[in-house]
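Novice: First to last, the protein sequences are chains H and A.
Going by my numbering, the letters in the first sequence line up with residues 9 to 168, in that order.
Going by my numbering, the letters in the second sequence line up with residues 9 to 168, in that order.
Hints are supplied without guarantee of correctness; some may be wrong.
Derived pair list, reagent style DSSO-like, types lysine-lysine, alpha-carbon separation capped at 30 Å [what the hints assert, rightly or not]:
| hint | chain 1 | residue 1 | chain 2 | residue 2 |
| --- | --- | --- | --- | --- |
| 1 | H | Lys74 | A | Lys74 |
| 2 | A | Lys49 | H | Lys49 |
| 3 | A | Lys166 | H | Lys166 |
| 4 | A | Lys49 | H | Lys74 |
These aren't lab readings, by the way, just hints derived from the structure by calculation.
Treat the numbers as computed from the prediction; the structure is a model and nothing was measured.
2 protein chains.
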Amino acid sequence: MPQIRRVEPADWPILWRMLEPVFRAGETYAVARDISEAAAKTMWIDTPVETYLATDGDILGTFYIKTNHQGGGAHVCNCGYVTAPMAQGRGVASAMCTFSQTRARELGYRAMQFNMVLASNGGAIALWQKLGFDIVGTLPAAFDHPRLGMVDGHVMWKTL
Amino acid sequence: MPQIRRVEPADWPILWRMLEPVFRAGETYAVARDISEAAAKTMWIDTPVETYLATDGDILGTFYIKTNHQGGGAHVCNCGYVTAPMAQGRGVASAMCTFSQTRARELGYRAMQFNMVLASNGGAIALWQKLGFDIVGTLPAAFDHPRLGMVDGHVMWKTL
Numbered sequence: 009m010p011q012i013r014r015v016e017p018a019d020w021p022i023l024w025r026m027l028e029p030v031f032r033a034g035e036t037y038a039v040a041r042d043i044s045e046a047a048a049k050t051m052w053i054d055t056p057v058e059t060y061l062a063t064d065g066d067i068l069g070t071f072y073i074k075t076n077h078q079g080g081g082a083h084v085c086n087c088g089y090v091t092a093p094m095a096q097g098r099g100v101a102s103a104m105c106t107f108s109q110t111r112a113r114e115l116g117y118r119a120m121q122f123n124m125v126l127a128s129n130g131g132a133i134a135l136w137q138k139l140g141f142d143i144v145g146t147l148p149a150a151f152d153h154p155r156l157g158m159v160d161g162h163v164m165w166k167t168l
Numbered sequence: 009m010p011q012i013r014r015v016e017p018a019d020w021p022i023l024w025r026m027l028e029p030v031f032r033a034g035e036t037y038a039v040a041r042d043i044s045e046a047a048a049k050t051m052w053i054d055t056p057v058e059t060y061l062a063t064d065g066d067i068l069g070t071f072y073i074k075t076n077h078q079g080g081g082a083h084v085c086n087c088g089y090v091t092a093p094m095a096q097g098r099g100v101a102s103a104m105c106t107f108s109q110t111r112a113r114e115l116g117y118r119a120m121q122f123n124m125v126l127a128s129n130g131g132a133i134a135l136w137q138k139l140g141f142d143i144v145g146t147l148p149a150a151f152d153h154p155r156l157g158m159v160d161g162h163v164m165w166k167t168l
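Build the full structure now, drawing on both the sequences and the hints.
Specialist: If you want it as C-alpha cells, here you go:
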C-alpha cells in the first residue's frame, strides 16, 4: 500500500509532470487543456484546503480536498485524484479516495461531491461506486471529449 | 417589461444593496453569509463573463453569466439571478432568465447549468421548469438552511 502524506512546496515539479499530460489530454478533467503551470498550481495546491500525494518512494498519485460550495453548502467537499500512469491498477486511486474520505470527516465535512465524472470513464465510475458513491445526477452531453465527442457527465455523491 | 442592460462600474453600490441582504440571509445562495463586499463584487462582477441588471428606472434585479466548467465542459454556462424584494412577482426573474438564455447562445454556450437550486425554493424550481430547465440531479441534505435545517439541492439543466 502506498504511503500518503501532505504535499510540500518542493513536490510541485514532480506533481506537475504527472498532472500536465492529464490536463493536456483533456479526457478526464474539466480543465483548460492549455492551462498554465501557475494556474494548475493554484488549482491543485493553493485553492484546496489540503493536497496530498501517494508514494512508495516514487510518486504514485496526488489528490486535493476542497470545499465544493460555500455558505449553507460548506459541509460538502470535493476531491480530485490523479494516478501516475506507471502506477495504474495497483489500488492507488482506491487508497487515495479512502484516505480522503477519512480526512474529510476529520476536517468536518459531511459529504463529498464529484461534480463531473465522465460517463466515458467507466473505471472511475466503478471505483467510486465501490467506495460508496452514488450517481445522483447526469448532465447530458456535458463534456466535449477530444476522441469521443460529447459525453455525459455524472454528479457523484457520498454522505460521510 | 423591464429593460435589461450590462452592468457598469457605477452600478455596484446599488447592486450590493440588493445582493447583501440575500447573501446575509443565507437562504438561497451557497455563498458565505459573512462574505465581504469586495469578495461579492469579485463573484458577481469580475469573475463572470457578463453581468446585467433589469431596470424600469429603479433597479429591479441582476444576473451574471459565467462558464461553469473549463476544458471539455466550457460549452456549459452558469447564471445567478437576484430580484429586488420590491420587484417580486412582476416577471423580473423570468425576463432575466429568458434574456440570459438568448445571450448565452450568442456567447456560444450550448447548455446552462444551475449547480444547486434548493428544494425549499419551490418558486424558483417552478419558474426554471417553466423556462425549460429539468432537474437532472438531487444532492441530499446539501444545504444547511438557517430556518429549515438540511435541505436537498437540485442540479438543473437546459440544453440551449
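Novice: State for each hint whether it applies.
Specialist: Hints versus structure:
no., hint, verdict
1, H:Lys74 with A:Lys74, "21 Å, holds"
2, A:Lys49 with H:Lys49, "25 Å, holds"
3, A:Lys166 with H:Lys166, "25 Å, holds"
4, A:Lys49 with H:Lys74, "22 Å, holds"
Taken one by one, the earlier hints all hold for this structure without exception.
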